[in-house]
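Student: This is what each chain is made of:
2 protein chains.
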Amino acid sequence: MSQYHTFTAHDAVAYAQQYGGLDNPSDLTSAQEVGDGNLNLVFKIFDTHGVSRIIVKQALPYVRCVGESWPLTLDRARLEAQTLVEHYRHSPQHTVKIHHFDPALAVMVMEDLSDHRIWRGELIKGVYYPQAARQLGRYLAHTLFHTSDFYLHPHEKKARVAQFINPEMCEITEDLFFNDPYQIHERNSYPAALEADVAALRNDDALKTAVASLKHRFLSHAEALLHGDIHSGSVFVAGNSLKAIDAEFGYYGPIGFDVGTAIGNLLLNYCGLPGQLGIRDAAAAREQRLSDIQQLWTTFRGEFLALAEAKSRDAALAWPGYASAFLGKVWQDAVGFCGTELIRRSVGLSHVADIDTIADEAMRNECLRHAIQLGKALIVIAGRIDSAEELVARVRQYG
Amino acid sequence: MSQYHTFTAHDAVAYAQQYGGLDNPSDLTSAQEVGDGNLNLVFKIFDTHGVSRIIVKQALPYVRCVGESWPLTLDRARLEAQTLVEHYRHSPQHTVKIHHFDPALAVMVMEDLSDHRIWRGELIKGVYYPQAARQLGRYLAHTLFHTSDFYLHPHEKKARVAQFINPEMCEITEDLFFNDPYQIHERNSYPAALEADVAALRNDDALKTAVASLKHRFLSHAEALLHGDIHSGSVFVAGNSLKAIDAEFGYYGPIGFDVGTAIGNLLLNYCGLPGQLGIRDAAAAREQRLSDIQQLWTTFRGEFLALAEAKSRDAALAWPGYASAFLGKVWQDAVGFCGTELIRRSVGLSHVADIDTIADEAMRNECLRHAIQLGKALIVIAGRIDSAEELVARVRQYG
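Just so you know, the protein sequences line up as chains V and X, in that order. Oh and the first sequence: position 48 is 48 in full-length UniProt numbering, straight run, nothing missing. Oh and the second sequence: position 293 is 293 in full-length UniProt numbering, straight run, nothing missing.
Hints are supplied without guarantee of correctness; some may be wrong.
For identical chains, the list gives no copy identity; a pair is met inside one copy or between any two copies.
[As the list claims (entries may be wrong)] In the SDA-like style, the derived pairs of lysine to any residue whose C-alpha atoms are separated by at most 25 Å in a straight line are:
(1) Lys329 x Asp386
(2) Lys97 x Asp175
(3) Lys329 x Gln82
(4) Lys311 x Leu105
(5) Lys44 x Asp386
(6) Lys125 x Ala359
(7) Lys44 x Ile172
(8) Lys97 x Ala193
(9) Lys329 x Arg217
(10) Lys329 x Gly383
(11) Lys329 x Glu174
(12) Lys125 x Leu113
(13) Lys97 x Gln397
(14) Lys329 x Asp205
(15) Lys329 x Ser387
(16) Lys311 x Ile279
(17) Lys311 x Val63
(18) Lys329 x Asp204
(19) Lys311 x His185
(20) Lys329 x Thr298
(21) Lys311 x His155
(22) Lys329 x Ala206
(23) Lys125 x Ala310
(24) Lys329 x Ile381
Derived by calculation from the structure, the hints in this document are not laboratory data.
Isolated chain V, as found in the complex (with noise of 0.2 Å):
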């Protein structure tokens, strides 16, 4: 077992040769440090054409935005590539690969997705990739469904649930999603302006209630491995495919918060995109998002639904019918999942580049207050959105 040492580029490209799988490994000759988060080291080695061949990601003991003084578990690493290789096996034209995987170095070794792009990037811009929406869904529908009670025996679901027990990043997400934004604290980031809508969030029984409610559902129910950050950055497109990496807040929980997350970035991308775009491509662009919530709901129901038929192991649920109840309960967390989506990237430590890069200060600032609200009302009124339909109703409705 290697002991932990942070990769130079040098030694990043005899990891990959060592690792990478590929035929001549002796090509690859040289290594970019490409990451732009703020947990990973993330070098992309190159052949001698200069061609990116092969991605080598490690994971840092600490958050690199704040220097060395926010340690963080390097077993993260060890979660996001069992969680992708678990999501792999279930939904590979939609995972990233993993080649190999170092628990001790906390490295991995995964396909290069050169030829791919980010999709949040893509989404500002303005550009449309019509089918990403229905493989997100597609993605959600197979990994979700295997690895929950309906596919999995329930020993091997009980102790993949002990594998996948992940507490340093659910506790990332328990903070700045269901804390934070509805309390004063020192993390939250948002204009002075906004203050009063922000104040709002406090106090607000309905609220606060859902919120707790939401909260205890990520903390208590185990349905599936989560990829447990699934916004629009952590998905590449490229013309005809989709595939899903970033996996290390992977956990068992609650199915709808994986749904209600993608479903937040769409909205969030749709509360920017008047500032992004000209009035006549920002309208078209806003109906390209609500059509895209649509497809990726009925997408996932319907995939889910064909799975739960002919897949089903667990003999009482299997029943016919009850996948489609649980479904209606799923959905109702997912609206409820991206209302507080909507809310931490507004008021919370982390943003989204939808509305951040906004030149324009009233106009970002008027796209904040209306995730703020959006966000709020949907929260609140989860219970009551019985379908994709009534949501795109209602975002029409606060928009």
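Place chain X on chain V using the hints.
Tutor: Okay, now just chain X, sitting in the frame of chain V:
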């Protein structure tokens, strides 16, 4: 570490001398095996005056009633001892005290409760312990609150979930509660006269969908460290005392399962009383059971809310009003799980003496039919029964 071997009475005495924590261990001189279960050896250890002083309980590696043909994990002794130790920390008044535990021998030394009686036997004889229901409510409130997300740090909660993963004992519940009674299965046991009532359980869409949902909650909702089998045969009572024993089904599950099992066994007694006592006594005892159910829930709810207000450590869950909203869901879970207990004890492998010891066959069958119909109704309408008063009204309606 000692190697597993089945204890003789002689072994049990020697073990109690060593680990019983008594002042004069050499006073312990004899043992009697009193286990009436099928899974364990239970020795009472007597002193020179013939007084029972301490209990030695050892898990058997098989189910005794079927010889050695049905192997069962010895790890259940660890789970039982650790569950009882944890519950004793939070409710010492109402949990049997564990003095010593050895995982390799699957043996524990525990408090002698010879001055107590099994509650079920007393209920059948019509002996009323007016404080018992309140005490059981208090036991459930304290043990479940202090092991829940309201009270535990999320890291500790997650570690406990892993510690108490209990695949083999949970599988018994998963099968006996949620599968067998709703299908043709060789483990089922009921009189031929009830064939039509039982057959009707197998194709009732609303019932099977609700049972699937209850099983799914049992499989995935890790809310608190449950006792897991808190029926009236797992409860010792005396003048003003109540003690829970036999926690080998302990695991992190939905709080409503423990509450529903407790209430379900009071209702099974209610169903059997006309066959156990004269008309006047049976009617009086039935009113006591309905009062017991209300007191159990009222006490549980009141104590849980008081603990939530005074001791919640989770910032979001501590919001005033959330605990009450959550207990509304717990109540609906409890009513549903209560219904599954009524059915599985009437149709499945394991029956209750409250009904099975009724001598008159026609009367016995009528009581079984009553339990089945009541159970079925409760499962299907659980979502519409808002309070213990409403439950009592429904019980009278299906009487």
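Student: Now tell me, hint by hint, if it's right for this structure.
Tutor: Do the hints match the structure? See the list:
no., hint, result
1, Lys329 x Asp386, "both (10 Å within a copy, 20 Å between copies)"
2, Lys97 x Asp175, "neither (30 Å within a copy, 38 Å between copies)"
3, Lys329 x Gln82, "neither (28 Å within a copy, 34 Å between copies)"
4, Lys311 x Leu105, "neither (38 Å within a copy, 41 Å between copies)"
5, Lys44 x Asp386, "neither (45 Å within a copy, 59 Å between copies)"
6, Lys125 x Ala359, "within (14 Å within a copy, 80 Å between copies)"
7, Lys44 x Ile172, "neither (28 Å within a copy, 51 Å between copies)"
8, Lys97 x Ala193, "neither (44 Å within a copy, 59 Å between copies)"
9, Lys329 x Arg217, "both (12 Å within a copy, 12 Å between copies)"
10, Lys329 x Gly383, "both (9 Å within a copy, 14 Å between copies)"
11, Lys329 x Glu174, "both (21 Å within a copy, 22 Å between copies)"
12, Lys125 x Leu113, "within (20 Å within a copy, 74 Å between copies)"
13, Lys97 x Gln397, "neither (41 Å within a copy, 60 Å between copies)"
14, Lys329 x Asp205, "both (22 Å within a copy, 18 Å between copies)"
15, Lys329 x Ser387, "both (11 Å within a copy, 23 Å between copies)"
16, Lys311 x Ile279, "neither (47 Å within a copy, 53 Å between copies)"
17, Lys311 x Val63, "neither (42 Å within a copy, 32 Å between copies)"
18, Lys329 x Asp204, "both (24 Å within a copy, 21 Å between copies)"
19, Lys311 x His185, "between (46 Å within a copy, 22 Å between copies)"
20, Lys329 x Thr298, "within (15 Å within a copy, 28 Å between copies)"
21, Lys311 x His155, "within (18 Å within a copy, 34 Å between copies)"
22, Lys329 x Ala206, "both (19 Å within a copy, 16 Å between copies)"
23, Lys125 x Ala310, "neither (40 Å within a copy, 51 Å between copies)"
24, Lys329 x Ile381, "both (14 Å within a copy, 18 Å between copies)"
The structure does not agree with the numbered hints 2, 3, 4, 5, 7, 8, 13, 16, 17 and 23 stated previously, though it agrees with the rest.
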